[in-house]
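**Student:** Letter by letter, the chains look like this.
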Amino acid sequence: MTHAIQVRGLTKRYSGVEAVAGIDLEIEHGEVFAILGPNGAGKSTTVEILEGYRKRDSGEVSVLGADPGRPTRQWRSRIGIVLQTNQDAPELTVREIMRLYATYYPDSRDPDEVIEMVGLTESAGKRIRQLSGGQRRRVDVALGVVGRPQLLFLDEPTTGFDPESRRRFWDLISGLAHGGTTIVLTTHYLEEAETLADRVAVIAQGKIVAEGDPTTLGGRATAKARVTWADGSVETDTPTKTVLELSQRFDGEIPELAVTRPSLEDIYLRLIEPS
Amino acid sequence: MPETAETTDAPPVTAPSAPMPSIVRVSLARATAETKMFFREKDGVVFTFAFPIVLLVLFGSIFAGDLEDTGVTVSQLYTAGLIGAGVMGAGFQNLGIGIATERQDGTLKRLAGTPMPPSAYFVGKVLVVLLIAVLEVAILLAIGVTMYDLDLPSEASKWLTFTWVFLLGVSGSALLGIAASSLPRSAKSAAAVISMPFVVLQFVSGVFIPFTAMPQWLMNIASVFPLKWMCQGFRSVFLGDGGAALEAAKSYELDRVALVLGAWLIGGAVLCLTTFRWKSRRDG
Chain V
1218 MTHAIQVRGL TKRYSGVEAV AGIDLEIEHG EVFAILGPNG AGKSTTVEIL EGYRKRDSGE
1278 VSVLGADPGR PTRQWRSRIG IVLQTNQDAP ELTVREIMRL YATYYPDSRD PDEVIEMVGL
1338 TESAGKRIRQ LSGGQRRRVD VALGVVGRPQ LLFLDEPTTG FDPESRRRFW DLISGLAHGG
1398 TTIVLTTHYL EEAETLADRV AVIAQGKIVA EGDPTTLGGR ATAKARVTWA DGSVETDTPT
1458 KTVLELSQRF DGEIPELAVT RPSLEDIYLR LIEPS
Chain P
-19 MPETAETTDA PPVTAPSAPM PSIVRVSLAR ATAETKMFFR EKDGVVFTFA FPIVLLVLFG
41 SIFAGDLEDT GVTVSQLYTA GLIGAGVMGA GFQNLGIGIA TERQDGTLKR LAGTPMPPSA
101 YFVGKVLVVL LIAVLEVAIL LAIGVTMYDL DLPSEASKWL TFTWVFLLGV SGSALLGIAA
161 SSLPRSAKSA AAVISMPFVV LQFVSGVFIP FTAMPQWLMN IASVFPLKWM CQGFRSVFLG
221 DGGAALEAAK SYELDRVALV LGAWLIGGAV LCLTTFRWKS RRDG
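Line by line, the protein sequences are chains V and P.
For what it's worth, the numbering used here labels the leading residue of the first sequence as 1218, then goes sequentially.
For what it's worth, the numbering used here labels the leading residue of the second sequence as -19, then goes sequentially.
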């Protein structure tokens, strides 16, 4: 029971194609863990196995101390799942569906409290059909956490959001993480992983190709920095020295100066390149 | 916070001590929500609920007149037949299409990820179907009595027959609908895949055309399915002994009605348990 999730040598094949080709993973309690990877890399399959939706072919998997291949009601009551797309129950109001889902769990949160937590108090009496896409997504998250889960899976939670809604959504998730909920997040937005995750794993072709702190992933923090200015650009291990030299050359202010290290996106794109 | 050994640094992995909610409570919560969803979805209400009512008014008005000196009018025959069709529509058609849609829109997948006991989902469905069927039958009977001189039986034994035919019919149809919901490939095709065989079944089971007016081979096929027997059971209640002469066997054969409907109930339950899928086909 030392890790929230422990995976050893996980594999899954679909009609001969190896979707997951031997994945090892350890996710700690209270951690926010992001799984990145292109479509078809095995990301969703891996997560669905952890969620108890799919059977694995081989490997050892333990989620909250139990085998997700044999989900029980007890185990399910400790896990929250926010799936990618749902258009269900359009004719129920927000409050009605929250109350309904609350009855499934032994120790559920107060539905009105959860509605407030996701910022839908104003719309609690509205039918789900009448909500905007962003509001609907918040209903999805609310349904995922109403059972007071110890572990929450979020599958591409902010796809289709405008930047402002995305920020608000991140605050909500950070709040849950601070409350001690372990969160496993899949996303296509590198910025999202960088903002929310304590650690990230990049999956490509069914394998984990990199794993670690998003600020240092793939040697990001120690990679050569690029110094650019009005009429030049150079990659260097010693950007401070370069800037000082440039400063002398221009006698003070360097025109259009920028010092950058590779973004998470640069590292990510390099990692998922087929070798 | 008092600093005691028990309350500090409790590991977050301890199993919840609260007991799991009872299946009865979850089933009732589901039935309540299902009822709201059904009656708020106007298209569905018209499709499953109003359809037999409209047809009864229509057919009952077009085909007036008596049948072969039995004292039974054609409108009365339609009332009994459409009660059978209405009961089966509420179960088979309503659930067959409704659950196929829920499989595609993610309802079922989301539910499968919660600790909701699967049986609560099915019980909730059957309860809402029972409610729809009771209302449907009440309205059809009211129309039959006020417009087509249908006599409601006064004997308790007839109502006893009505009750068991109704309960066996509703639950069997509901289970068949749940099982059939796995057949359509998508929600879009569900209405066609489910409704087409149901309409055919209504025609060959004596809902619109007297059963005996059909060729023997069609009668044989229809006798395999529950609708023919449900209609026969309802005729025995509402057309009285005079109507028995109109039956193929010159009798209502209530023992066989019970046998066939009971067999479909068991068969439907087995089909549900063995074939129900919480995920859509494209979802693997």
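Careful, some of the hints might be misleading.
With beta-carbon atoms standing in for the labels, derived distance ranges [unchecked claim]:
{"#": "1", "chain 1": "V", "residue 1": "GLY1429", "chain 2": "P", "residue 2": "ARG257", "range": "33 to 41 Å"}
{"#": "2", "chain 1": "V", "residue 1": "HIS1395", "chain 2": "P", "residue 2": "LEU253", "range": "42 to 50 Å"}
{"#": "3", "chain 1": "P", "residue 1": "ALA(-2)", "chain 2": "V", "residue 2": "LYS1424", "range": "38 to 46 Å"}
{"#": "4", "chain 1": "V", "residue 1": "HIS1395", "chain 2": "P", "residue 2": "SER99", "range": "55 to 63 Å"}
{"#": "5", "chain 1": "V", "residue 1": "GLN1301", "chain 2": "P", "residue 2": "LEU253", "range": "27 to 35 Å"}
{"#": "6", "chain 1": "P", "residue 1": "LYS138", "chain 2": "V", "residue 2": "SER1232", "range": "43 to 51 Å"}
{"#": "7", "chain 1": "V", "residue 1": "THR1445", "chain 2": "P", "residue 2": "SER169", "range": "26 to 34 Å"}
{"#": "8", "chain 1": "P", "residue 1": "TRP139", "chain 2": "V", "residue 2": "SER1232", "range": "51 to 59 Å"}
{"#": "9", "chain 1": "V", "residue 1": "GLN1347", "chain 2": "P", "residue 2": "ILE119", "range": "25 to 33 Å"}
{"#": "10", "chain 1": "P", "residue 1": "TRP139", "chain 2": "V", "residue 2": "GLY1377", "range": "55 to 63 Å"}
Derived by calculation from the structure, the hints in this document are not laboratory data.
We treat Cβ as the ideally placed atom computed from N, Cα and C, and that holds for glycine.
**Student:** Next, verify each hint and record whether it holds.
**Tutor:** Now for the hints, and whether the structure bears them out:
For GLY1429 of chain V and ARG257 of chain P, the hinted distance range of 33 to 41 Å is satisfied, since their beta carbons lie about 39 Å from each other. The hint said 42 to 50 Å for the Cβ distance between HIS1395 of chain V and LEU253 of chain P, and at roughly 44 Å that hint holds. Take ALA(-2) of chain P and LYS1424 of chain V: their Cβ atoms lie about 40 Å apart, and the range 38 to 46 Å holds. A hinted range of 55 to 63 Å is violated for the C-beta pair HIS1395 of chain V and SER99 of chain P, which are about 38 Å apart.
Our hint of 27 to 35 Å for GLN1301 of chain V and LEU253 of chain P holds, since their Cβ atoms are close to 29 Å apart. The supplied range of 43 to 51 Å is broken by LYS138 of chain P and SER1232 of chain V, whose beta-carbon atoms lie about 58 Å from each other. Our hint of 26 to 34 Å for THR1445 of chain V and SER169 of chain P is violated, since their Cβ atoms are close to 57 Å apart. Distance hint for TRP139 of chain P and SER1232 of chain V: a CB-CB separation of about 57 Å, consistent with the stated range 51 to 59 Å.
At roughly 31 Å, the beta carbons of GLN1347 of chain V and ILE119 of chain P sit within the given window of 25 to 33 Å. For the pair TRP139 of chain P and GLY1377 of chain V, the beta carbons lie near 56 Å from each other, so the given range of 55 to 63 Å is met.
Hint compliance for this structure: hints 4, 6, 7 are broken, all remaining hints hold.
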